[in-house]
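Going down the list, the sequences are from chains A and B. When we follow this note's numbering, the leftmost residue of the first sequence carries the number 1, and every step to the right adds one. When we follow this note's numbering, the leftmost residue of the second sequence carries the number 1001, and every step to the right adds one.
A couple of the hints might just be wrong.
Computed cross-link-like contacts, EDC-like style, restricted to lysine to aspartate or glutamate with a CA-CA straight-line distance of at most 20 Å [unchecked claim]:
1. B:Lys1225 to B:Glu1189
2. B:Lys1225 to A:Glu92
3. A:Lys225 to B:Glu1092
4. A:Lys225 to A:Glu189
5. A:Lys8 to A:Glu329
Computed Cβ-Cβ distance ranges for the label pairs, DEER-style [to be verified]:
6. B:Glu1274 to A:Asp11: 25 to 31 Å
7. A:Glu274 to B:Gly1047: 20 to 26 Å
8. B:Pro1131 to A:Glu274: 35 to 41 Å
9. B:Thr1021 to A:Gly97: 51 to 57 Å
10. A:Arg205 to B:Tyr1206: 55 to 61 Å
11. B:Glu1049 to A:Gly162: 36 to 42 Å
12. A:Gly97 to B:Thr1073: 38 to 44 Å
Simulated from the structure, these hints should not be mistaken for lab results. Note that CB positions come from ideal geometry on N, CA and C, so glycine has one too.
There are 2 protein chains.
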Amino acid sequence: MRGVVMYKAGDVRVEERADPTVVEPTDAVIRLTATCVCGSDLWPYRGIEAVDHQVMGHEYVGVVEEVGAEVRTMKPGDFVVGSFVISDNTCEICRSGFHSKCVHAEFVSQIGTQAERARIPLADGTLVVTPGQPDADLVPSLLAASDVLGTGWFAADAAQAGPGKTVAVVGDGAVGLMAVLAARELGAERIIAMSRHPERQELARYYGATDIVEERGDAGVQRIKELTGGLGAHGVAEAVGTQESFMQAVGATRGGGHLGYVGVNHGVQIPGIELFFAGIHTLGGPAPVRRYLPDLIRRVWDRTIDPGRVFDLTLPLDQAAEGYRAMDERRATKVLLEL
Amino acid sequence: MRGVVMYKAGDVRVEERADPTVVEPTDAVIRLTATCVCGSDLWPYRGIEAVDHQVMGHEYVGVVEEVGAEVRTMKPGDFVVGSFVISDNTCEICRSGFHSKCVHAEFVSQIGTQAERARIPLADGTLVVTPGQPDADLVPSLLAASDVLGTGWFAADAAQAGPGKTVAVVGDGAVGLMAVLAARELGAERIIAMSRHPERQELARYYGATDIVEERGDAGVQRIKELTGGLGAHGVAEAVGTQESFMQAVGATRGGGHLGYVGVNHGVQIPGIELFFAGIHTLGGPAPVRRYLPDLIRRVWDRTIDPGRVFDLTLPLDQAAEGYRAMDERRATKVLLEL
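All chains, please: the whole structure from these sequences, using the hints.
Below, the structure written as structure tokens:
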């Protein structure tokens, strides 16, 4: 089968890889319908994470081709959406809702779903079957649920978005936009998107942003305070992962408020004393997407939400290298790879 | 009146200070019955925080001597316990329970309650009247409520101590011991005290610790994991504030678990990526003691809890310098200053 391999930073190729097979009785092999390039794929692409002939991809929807003897919740032909972290959905950590810290957690990025097929371990715990075969126009939205929607949702949930609440979103990439959508769905009264790109501001407003703040850093914090009676936002969703964005998110959260952070924060050093005197709740990390998947799939299926609009470039898998380039050069927010 | 002044690091004196008076109509002037030396007072004493002729003290119980015209909830003669942060108890932040981030917050350490008298601003929002004049043996426990008990309680609450939960406490100083007591009162099933001092281990067991772990750092984390089926504690209360203790607390918390941190963490740099992949909730900072005070006073008054035992040295105010020395040299866990 064909699949994406990142030889080294900036060098992405589509080449022949071995076809996956069922190895463990809890495995499923799926044929990908669509996959995509993640903002986090740009870390190795830009040389910030080490990379050496690495298979790529951790976002995926597709059709089950084969299941192991112990798989109970799906059969060949079913359409499935999976989380970007393998989980058993039965251990104590999963039962508490933190599937990304499952005792059997494994990152799907090690499997590489930018490919024609993929072996998914612990299929019952990782994949969720859709109510039927999706209409073609639903595929991008289902694919979004696999990571960017689930991750943005986790950020908004961790920020305790809800009725009567003001939520600020730091970051206008795909995950930030999905946090805006999630905050709206969770009932937030006011949603402040921090963005200085006109087309992303427009998409943020489409997804539910009520206010746009273009300032960053201390000026951004100051602006959020002005908009919230001097107090700061009840909740902030951080979806970038730089030193500036993280501290901006800390500063924009009111005392006793909630910071949800999902930007992979390489190299960030949080001054303990600043976090201490901020007096805020924080929750972050790789999102437990599996917890949210059944609900997110239902909302997509019912056409209540339209997260797929976050994909602004669609390419065939063979043109993955161009997809990476487009995201790296910020010509695209999020690239869908078709199969 | 007499009061403590720290001239410079290591130089604590009791000298004449001006008698306080009611300045604002919301003030109360109290005559101190007892005050004490806080672990955080050792930061300037040891030269880690700058200090120059600073009045000292932020923990206090006493009798109201005079109130301003707008004070409604107390009158001269009432016995009161106060928080170490001034709060109005009416603003949006206070109403959400985070009095230490009140829009009118002011640290009592700037007032200096290691003294015969103190002016307490926003008396209605800061002080709580006890049900009557306390028996002498209750005074240390009421004094503890003012900071160490309230702070330990906040740490245990932030760690979500409760039925069925395993809570680890990092730090066996007064606040750590109070976090143990709080975890027990909140119903935690298992309470692991991290301590290597035999007499503090004994006190920890008295207050409810079910297990003692002597290891620190990575070895301490490993031991907590061994005691919790490899998962880590549901909640961890951090009551030290060093780099090692903070990261030990992060590592000892299970995925999706709760870290409550109350050690003033000067100089700590939290690696963002480690916190990210830990996937935990955190909540910390100066404790909103005022939120807990009515409940804590009731528990002390009913003799349900005995936090006063944390004071292992009592001295007259005039010997404050010896009290600082005893705590600095770890000859005492917590020093009560009598008036």
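Original post:
Which of the stated hints cannot be reconciled with the structure, identified by number in ascending sequence?
Top reply: none
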